[in-house]
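4 protein chains.
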Amino acid sequence: MRSFASDNNSGVHPAVMEQLQRVNVDHVIGYGDDLYTERAIALLQKEFGAESDIYFVFNGTGANVLGLKAITSSYHSILCAETAHLNVDECGAPEQYNGCKLQTVATEDGKLTVEPLKRFLHSEGFQHHVQPRVISISQVTELGTVYKPAEIAELASFAHQHGLYLHMDGARLANAAASLGLSLRELTADVGVDVLSFGGTKNGLMFGEAVIFFDKKLSSAFKFIRKQGMQLASKMRFVAAQFEALFTDQLWLKNAQHSNTMAQKLALKISEIPEITLARPVEANSLYVILPPQLIAPLQKEYFFYVWNEAQSEVRWITSFDTTEEDLNRFVDTIKLQLKR
Amino acid sequence: MRSFASDNNSGVHPAVMEQLQRVNVDHVIGYGDDLYTERAIALLQKEFGAESDIYFVFNGTGANVLGLKAITSSYHSILCAETAHLNVDECGAPEQYNGCKLQTVATEDGKLTVEPLKRFLHSEGFQHHVQPRVISISQVTELGTVYKPAEIAELASFAHQHGLYLHMDGARLANAAASLGLSLRELTADVGVDVLSFGGTKNGLMFGEAVIFFDKKLSSAFKFIRKQGMQLASKMRFVAAQFEALFTDQLWLKNAQHSNTMAQKLALKISEIPEITLARPVEANSLYVILPPQLIAPLQKEYFFYVWNEAQSEVRWITSFDTTEEDLNRFVDTIKLQLKR
Amino acid sequence: MRSFASDNNSGVHPAVMEQLQRVNVDHVIGYGDDLYTERAIALLQKEFGAESDIYFVFNGTGANVLGLKAITSSYHSILCAETAHLNVDECGAPEQYNGCKLQTVATEDGKLTVEPLKRFLHSEGFQHHVQPRVISISQVTELGTVYKPAEIAELASFAHQHGLYLHMDGARLANAAASLGLSLRELTADVGVDVLSFGGTKNGLMFGEAVIFFDKKLSSAFKFIRKQGMQLASKMRFVAAQFEALFTDQLWLKNAQHSNTMAQKLALKISEIPEITLARPVEANSLYVILPPQLIAPLQKEYFFYVWNEAQSEVRWITSFDTTEEDLNRFVDTIKLQLKR
Amino acid sequence: MRSFASDNNSGVHPAVMEQLQRVNVDHVIGYGDDLYTERAIALLQKEFGAESDIYFVFNGTGANVLGLKAITSSYHSILCAETAHLNVDECGAPEQYNGCKLQTVATEDGKLTVEPLKRFLHSEGFQHHVQPRVISISQVTELGTVYKPAEIAELASFAHQHGLYLHMDGARLANAAASLGLSLRELTADVGVDVLSFGGTKNGLMFGEAVIFFDKKLSSAFKFIRKQGMQLASKMRFVAAQFEALFTDQLWLKNAQHSNTMAQKLALKISEIPEITLARPVEANSLYVILPPQLIAPLQKEYFFYVWNEAQSEVRWITSFDTTEEDLNRFVDTIKLQLKR
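Chains D, Z, X and L supply the protein sequences, listed in that same order.
In case it helps, the numbering used here puts the first sequence at residues 4 to 344.
In case it helps, the numbering used here puts the second sequence at residues 4 to 344.
In case it helps, the numbering used here puts the third sequence at residues 4 to 344.
In case it helps, the numbering used here puts the fourth sequence at residues 4 to 344.
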C-alpha cells in the first residue's frame, strides 16, 4: 500500500532506522541523562540557536499541549485559526489539559493575520473574559499554505507588543523551510517565535517531536511539565537518536524537499485531468483537490485519504519522504481509470 | 557502561529491533487502523483472554494515568501503597490529570492487603470526603516483592464487594509471572484485575505499554481518553510491532526469566561479601541491598544506581534482559575492590 | 443610584430579606441537612415536578459549570450559541473545570436551532474530535429573546435522538415564564430539558441558584461534584430561605412580571425619541438599543450600562424587580436632556 | 435546637443581619465595583496592613483552593498536616482544582513543625517527584490547638529559605487571635504568612470568606482565578457588608472571645464529670472529649455532633458566638442524666 492520506502513513527513513540500531548498544541512564540526548540537542541547537532550550516528547499532541502549558495559566486563551490542528484534531486536549479556551479566527487559507486578532484584545483586564496569552500558528498550515518570514514576524511583533507569546505548531516546519529555501532558524527564532513544536514523525521518524523554547525563562519548569504530562520517555536515547539522524547531513531538509517535490509533480499530473481541479496552491507537501463527487468513494477504496470538505467535494492528499514517481503514476493511472468508468 | 540502576537503562532486544525493521515497509493507515496493530492485539488477547480490550500507549505514566481515568471521576480516590510508583514517581500526574486523591497505606514490603484498606470505606457517601473507587497495586512491587494470585484475588474480591475496581501497574508483570511460573492471565484476568498497565519498556522494548481492560464496559470511551491524553501514536505499527515480537516465542517470558535469574545470581554472589546484606528477599529482578555508607558514592561513580533509603544505607539494583554473567562478575569485582580501599 | 446595567445591580427583595431574618434563629445542622432546605426543595419540586432533584449553589457560574460536569466527560463538547454567557462571560470556567470544548453557533437572535447543530454530529466516534454531549441554551437568551416551548422541545428531541442532553442556563428563566405566561415546568421538564440552572440572584435574591436535574440518574454523584466544586454552603438554610421566599405566593413570577413590564414601558418611552431605536424586540426584561454614538459616554456617567456592540453603537439596558416608573422617567428625562446638548 | 457540632450550625450575628439590611438600598454595580466593597476592604486593610490585597469569596473551600491556585503550578506539592481540613474535608478539591499533590505529616496536635517537613525538600529539581511549593497550616488547627507567633514565624522562615510560601487556612483565625490576645496582623503578616484564608462564616457571618495576599505580586491574577473559580459574587455588596459589620467595633474579636469563653466554661463543667475526660487542651472554641462509648449514640440523638476518633471514643464539640450559659447547662444536664441511665 502506498498512501496519500497523510505523511504519517509512511514508515521510518532508513538512516533513522540505522541510527536506532547504532545506539542500541550497552546501557545508558534513562530519561535523557545520556550522551545521545546531549548530542542530539547540540545538533538541534546548531540549527535553532545556541540559546534554544530543547526537549523531546513522544508526539505532536504532547508537544503542542505541553509547550502551551509552559506559557499559559488556565484563565488565558489561545488564539488560533479555526482550522488549526490544535482546535480541530486534538480531541479537546488543549482545553482539557491547560484549561485554556481557544479563540479562533476564520481564515481563507489557514493563515492568521494581525487584523482579525485585534478584537480579542478588547477584554484585557476584564475579569469575566478569558485573557489572550498566546497566538498559535501552524507552519505548514492545515490548508497546505506556508507563512513567509515577514508574516510570522508581524504576528510576533503584534503578540509581543501586547504581552502575548507566539507559538508555532511546526509538525511540518521542515516542509515549510524546504518550500521557502530558508533555514529553520529564519522561520522561528529569527522572526520572533517563542515556543515551537518541531515535528519529526511526519518527516521520516518513527515517533518523536521536539518542544523548543527560544527564551529559557519560559522553560524553567518544563522538565516537570513534561514528566507530569506523561511525555517523558525512559529510554530517551531512542528518541534522541532519531533526531540525530534527522539532523545529520540535513536529512530533515532532504526528506522535506523530496515530499514537496512529489507534491508538485502530483499537482502537475493532476492538472492534465480536466475533471479535477486544485482547490488551493500547492506550497508544501499537501494537495487540496476538488474531485467529481462520484469518484471519491471508489478511489478511497484503493487509496484511503480524507475528505476535507464534503460540500465542496474537496479532498486532501499528502506526499511523504518516501513517495516515489512510480507511486504518483500508479495513483494518477487509477484516477484516470476510474474516471472512465 | 553496564548499569544496575534500572531495567530501563538497557536497550532494545534484537528480536524487537528486527521486527521494527520488518514492519518498516510500505504505507499503512495511522493511529492503529492497521494490520500490525490488529495482529499484536490478537497475540495479546491469546495471552490475556479473548474478551480483553487492549490499547497501546507510549509509556508507563500514560498507561497508569489514563487507565485510571477510564474508571474514576474526580471526586474518587485511588488506594495504593505509600511506595507505589503512582504515588512517588509520576510527578503528581494521577492527581493532576484525574483529579483524584491518592490515599496511601504504609506497608512492610510494598504489598497492599485488605485490612488497612477498610478504614477508607468509612467515608462512603459522606460528601466532604473523597470516595474510594480503585485499589491500585504494583506487580512486581516497588520493593521487589511479588503478589501471589491468592493475594490479588483477595484484594479484587474486597474491591468488587465494595464497588471498587482493582487496577494493576504491571510495569514488571512479566517478571512476576516468570518468578511464580504462572501465565499473565493467571495473575490478572483470572484473579479479578479490572484494568492493567502492561509494561514492555522495562522488558526489552524501545518504548510502549499496553492498557488492558478485562471488562469492555470500562473501556468504551478509552480511545478518546487516549487521544485527548496525548498517548495516541500516529505510526502505531511501530508500537504494535514491538509487542508482536515480545509475544512471539514467549520472548516476554524469556526476557523476564533471564533478568530474574541474573538477580538471583547477583544475590548469591553478594551473599559472599560479609559487608553487604540483602535488605529484602529477591523475588524478581531487583535487589535491595544494605551497603557500607562509605561505599555508595565511589561505587555510584562507576555504576550509577539509586539510593533507596539514605538513613538505612539501602540501595536498589536491578538486572535487565541483557545483563550478562560477565556484567555481574565485573560489578562484584568492583565492589570487592572498593571495599578493600 | 438606579441602574439599568444589569438586574444584579438591584438589591434583595424585602420578602427575601424577611425570610432570612425569620430563619435566623437557633442552630441547625450545616450543609443542607436542615428543615429549611427540605422545605425549600419541596416548594421547588411542586413547581418543577416531584421527581426533580434539586441542589442549591452560590452563583450562576457554579450552577452552569457543575451542572454540566455531572453530564459530561472531558472529551465531550458542549454545543451553544456564540453569544452564550457560558461561552463569553465565565472566564473560560466550562473549559477549565470540565475540560470540555465549547462548539459554538453564530445566531441572529441568540437562539439555537437544530439545523446548524447537525454538522457537529459528523465526528461521532472519530477519536481525533471531541464528542458532542450537551446542547446548552440560555432562557432568556443573552440577546433578550425567549425560546417558545416548541423550540425547546425540538432541540430536546434532536438531542435525545443523538445521545445528547439538553442543558438550560435559566439565569432569567422566571422572566421567560412571565413573558410567555407559562409555568416553569412547561418550559423545562415538560419539553425535555435534562439539567437546569435556575437563577435566583437576578430575580430578587441576595445570592443563590438551583441546579435541577429532571432525571435522578444524572445527579447520583452531584453532592460530591458540588462539594468538590467549592459550591456547598455550610449555612445552607440561608440559601434555602431565599428560595422559600421566592416560591411563596409566586414571588418569582411577580418579580419577573414586574421587571418585564418595566422593560416594555421603557421601550414605549424610548420609541418616542427619534434618535434612538430598538435593535431587537423586547421579549423579557432587557432592551438592546441603538444610541447616537456621542450619547453613550455622557449617559454612562450618570447611568452605568454596558455597550453591547461598539461598531453598531448598540447598548444593553436591563430592568429589575425593583425598577420604578419614576426610575424610568428620570432615565428618559436624562436621555432627552443629553440629546439636546 | 442548640448544637455543639460545629460553629457553622449557628446563625448570623444580629449586627451582621442589620448591616445586610442597611446596604439593601438602591442599586450598585455588581462584582465588587461598589462603595461597600471598597469600604470593607479598607476596614480589613486597617487590620491586616495597608499593603494587603483582599478578595471576598463565598466559602472556605473556595478560599483555600483558589488562594493556593494563585501560588502553585500543577507539578507543585502542598505540605500540610494529615489532619488538615484541606486534606480531609474538601472532597479532594485541592488536588482536583490545582492538580497539586498534598504531602502530609502526621502530628500529635495538628500543628506542623519544621523538622518533619525537611524530608520533602530532598526531591528538589528531581523531575519524577512533585516539587514542594507551599506549607499550609490551619489556625486554629483541626485539633483545636493554636499556633503561637514564633511557631508560625519559624515555619515561614523555613518556607522562604527554600523558595516555598506559607499559606494559612484561617477559618477560625479570629478564635486564635482571641485566645492569644494578639491582633490578626501579629498572627499573619507580621510572622511571614503569604496567603491567608480568613474565615467569617464560623464567626457569625451568613457566608463569606476573604482571601488575603500579603504580597501583591502573588495576587496579580487573582481576579481571574476567582471568577474562573466560580467564587465571584455578583451582588458583592452583601458579602462586603457582612465583613464591614464584623470589623466594626471589633465584632470579630467579641464573637471569638465569646465562643472561646464558652468552650472554657464547658470544659470546666465537664471536668466535674468523672466519666468524661478532655482528650486535648482547650485553646480556642473546640473541645475534644473522651466519652463512655455507650453515651455517644444517645447523646447524639439530642445533640448532634461528630465522632472524631471512633477507636478512642473521642468526640468533638464546638461552641459558637451565640452559645449561652444556659445552652451549656442544658447540655451538661443532658449528659449527666444520660450517664445515670
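Incorrect hints may have been included.
Each pair may be met inside one copy or between any two copies, as identical chains are not told apart.
Said to hold, decoys possible - Computed list of lysine-lysine pairs in DSSO-like fashion (alpha-carbon distance at most 30 Å, straight line): (1) 121 x 226; (2) 226 x 304; (3) 339 x 226; (4) 343 x 226; (5) 219 x 49; (6) 151 x 343; (7) 257 x 220; (8) 121 x 304; (9) 226 x 272; (10) 49 x 121; (11) 151 x 257; (12) 339 x 219; (13) 268 x 226; (14) 49 x 220; (15) 151 x 49.
FYI, nobody ran anything at the bench for these hints, they're computed from the structure.
Since the copies are identical, ignore which copy is meant and state whether residue 151 and residue 49 lie within 30 Å (CA to CA) inside a copy, between copies, both or neither.
Within one copy, since 22 Å is at most 30 Å while 53 Å is not.
At most 30 Å between alpha carbons: which applies to residue 339 and residue 219, within, between, both or neither?
Classified as neither: same-chain Cα gap 54 Å, cross-chain 45 Å, threshold 30 Å.
Should residue 151 paired with residue 257 be assigned to within, between, both, or neither, using CA atoms and 30 Å as the limit?
Classified as within; 20 Å inside a copy, 55 Å across copies.
Taking 30 Å as the upper bound on the Cα-Cα distance, should residue 226 and residue 304 be classified as within, between, both, or neither?
For residue 226 and residue 304, the Cα distance is within 30 Å only across copies (24 Å; inside one copy 44 Å).
With 30 Å as the alpha-carbon cut-off, assign the pair residue 339 and residue 226 to within, between, both or neither.
Classified as neither; 52 Å inside a copy, 37 Å across copies.
My question is about residue 219 and residue 49: at a cut-off of 30 Å on alpha-carbon distance, are they close within one copy, between copies, both, or neither?
within (16 Å within a copy, 41 Å between copies)
Taking 30 Å as the upper bound on the Cα-Cα distance, should residue 257 and residue 220 be classified as within, between, both, or neither?
Intra 33 Å, inter 47 Å, cutoff 30 Å: neither.
Status of residue 343 relative to residue 151 across identical chains (alpha carbons, at most 30 Å):
neither (41 Å within a copy, 54 Å between copies)
30 Å Cα threshold - placement of residue 226 relative to residue 121
between (34 Å within a copy, 23 Å between copies)
Quick one: residue 343 to residue 226, C-alpha cut-off 30 Å, is that within a copy, between copies, both, or neither?
neither (57 Å within a copy, 40 Å between copies)
For residue 121 and residue 304, with the copy left unspecified, which applies at a CA distance of at most 30 Å: within, between, both, or neither?
between (45 Å within a copy, 27 Å between copies)
Residue 49 and residue 220: within-copy, between-copy, both or neither at 30 Å Cα
within (20 Å within a copy, 38 Å between copies)
In this structure, the hints that do not hold are numbers 3, 4, 6, 7, 9, 10, 12 and 13, in rising order.
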